[in-house]
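Once you've looked at the hints, dock chain B against the given chain A.
Residue numbers (numbering that gives the first Met the number 0), protein chains in the order written: chain A, 0 to 288; chain B, 0 to 288.
Please note that the accuracy of each hint is not assured.
Listed next, the stretches of chain B that the computed footprint assigns to chain A, with coverage defined by at least 3 CB atoms under 8 Å from CB atoms of chain A [said to hold, decoys possible]: (1) 76-88; (2) 122-130; (3) 134-143; (4) 222-236; (5) 246-256.
To be clear, the hints were calculated from the coordinates, so they are not data collected in a lab.
Just so we're clear, the structure is a prediction, and the values are computed from it rather than from any experiment.
Beta carbons are placed, not taken as given, at the ideal position from N, Cα and C, and that holds for glycine.
There are 2 protein chains.
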Amino acid sequence: MSTRGMVILRCVCAAAMLALATTTFAADDELLWRQVDPDNLVFVELTEGRVVVELNPMFAPATVKQFRKLVRDKFYEGLAFYRVIDGFVAQGGDGSDLGQMSAVPLIDAEFEREWSEDLPYVPVQENDLFAPETGFIEGFAVGRDPKSGSVWLTHCPGVVAMARNEAADSSRTDFYIVIGQAPRYLDRNMNVFGRVIDGMEVVQRIARGDAGNNGLFSDETATTRIRHMMLASDISEEERPAAYVPDTDSKGFAALLEGRRNRTQAFFHHKPPEVLDVCQVPMAGRMTK
Amino acid sequence: MSTRGMVILRCVCAAAMLALATTTFAADDELLWRQVDPDNLVFVELTEGRVVVELNPMFAPATVKQFRKLVRDKFYEGLAFYRVIDGFVAQGGDGSDLGQMSAVPLIDAEFEREWSEDLPYVPVQENDLFAPETGFIEGFAVGRDPKSGSVWLTHCPGVVAMARNEAADSSRTDFYIVIGQAPRYLDRNMNVFGRVIDGMEVVQRIARGDAGNNGLFSDETATTRIRHMMLASDISEEERPAAYVPDTDSKGFAALLEGRRNRTQAFFHHKPPEVLDVCQVPMAGRMTK
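So here's chain A without its partners, still in its complex pose (with noise of 0.2 Å):
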């Protein structure tokens, strides 16, 4: 399904820990590298600098073709992020969401997909408080239900996801970024498409609208505006960024994973319950250049 060029690069458990409370791992659990399928990644070039996305074909089909497709036609060239709620989203696009006219077509739901057994589901967590099983597929986080027998991207932080209006099939080009405590009482209700995995620190510089009118700005020139977006299988190969993101199907995820879980450390006088936060498994990846 995808381009899976692996690299191993040494595990520096950058955001693992306060002080000195970090863990190593041994030779042969080390974190393999997934590198992201350059149809896959987007370059989102703000005002305040760049953003990389990783789009998820296998969850949302739909919205990554049109997603693609509006990057391509350059849509949202010189378009602003017009409701960003400090704690919670980052919403941008052409503002058809708020009802103004679009010829955009409209994107059916996808708000969660079918399981199947060979998906590579790599298990994190059961009794999460917003589904019974929490995991990640590729990279992403994610819910499943075994009795519905369902799987859906999870809100977490960095996660990309398409607005919408009341009805489910209303989805057309404004997007969201959750830059808050994950809201996971979206969770399969929403197209979600894709993650950030490079420049979260840019997408917190977006400018905060009017917490008083629901994070819509008065004064549009406050908005931060999308520069370019380019799709990365555009770009020659020279001179295309290479993305890699963590592979979670490699042993070291798995011991990163049980690290985070079972903390040990002296450092930790009351020790931790033995679960995990799948939104709050560091997930950053990293570029080439």
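Then chain B, alone, in the frame of chain A:
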């Protein structure tokens, strides 16, 4: 224990929902706002803007006492956020946490406190991943263990806590602000002593350090600096901005929690589980200037 000037402001559910799915409350469920005691109110002027912190002497009396003294001594002025990890924490201070010499006394551990029936506890959730129960006490998110009889401030985004080395009693001056998905595994392990009530969008602009080096900076000039810190009670009454935070003891707050726990709007084609993450409740305050 604290000055509790009450004021009624209209509840605008700014951070509550996407698009159409806002909640409205009946008039008698109106959210009340509590004025923050000026002795517990700190203005932190960064190179990026103003951040407002509410201190919590109820849970961390020794830490608050030392922090107030350091603020009054202008200890933090000019110091940097020297360890900043996107999605985790921004840590600032004199670097004594890194082993540098410091004449400032150490602070005893105050990771949790004894439960008491007269605490103004507002329950949110049982069966949270990291605590038998969660709730709020005077605006602060807490975890609670009825069996051990203890209660503690939880690591939600915006929480302010003292860094430390391995020993429990090794906090001193360096503090961190949580800037990402709640690192709840740190609960009951750190001196949490405050929360950001205004300016989280400023906190999110703090420059990130080197992800490959545990968030430290290779170039010190790239750090965000603390320009001033000032206790509100040290500012004359006429010049002092007042801060209001959602009054978690009000009926309106209970209604807000219920609206977030039980989402009945037509927007939700899949009704979310009737649960509520205590760290996903919008708690931003309001300033008079």
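So, going through the hints one by one against the coordinates:
Only residues whose C-beta sits within less than 8 Å of a C-beta in chain A count toward coverage, and the stretch 76-88 of chain B has 5 of them, enough to reach three; the restraint holds. Counting residues of the stretch 122-130 of chain B whose beta-carbon sits less than 8 Å from any beta-carbon of chain A gives 5, enough to reach three: the coverage restraint holds. Requiring three or more residues with a Cβ within less than 8 Å of a Cβ of chain A, the coverage given for the stretch 134-143 of chain B is violated, as only 0 such residues are present. Counting residues of the stretch 222-236 of chain B whose CB lies closer than 8 Å to any CB of chain A gives 0, which falls below the minimum of 3, so the coverage claim is violated.
With a threshold of 8 Å between beta carbons, the proposed coverage of the stretch 246-256 of chain B by chain A is violated, since 0 of its residues qualify and at least three are required.
Going through the hint list in order, the structure does not satisfy hints 3, 4 and 5.
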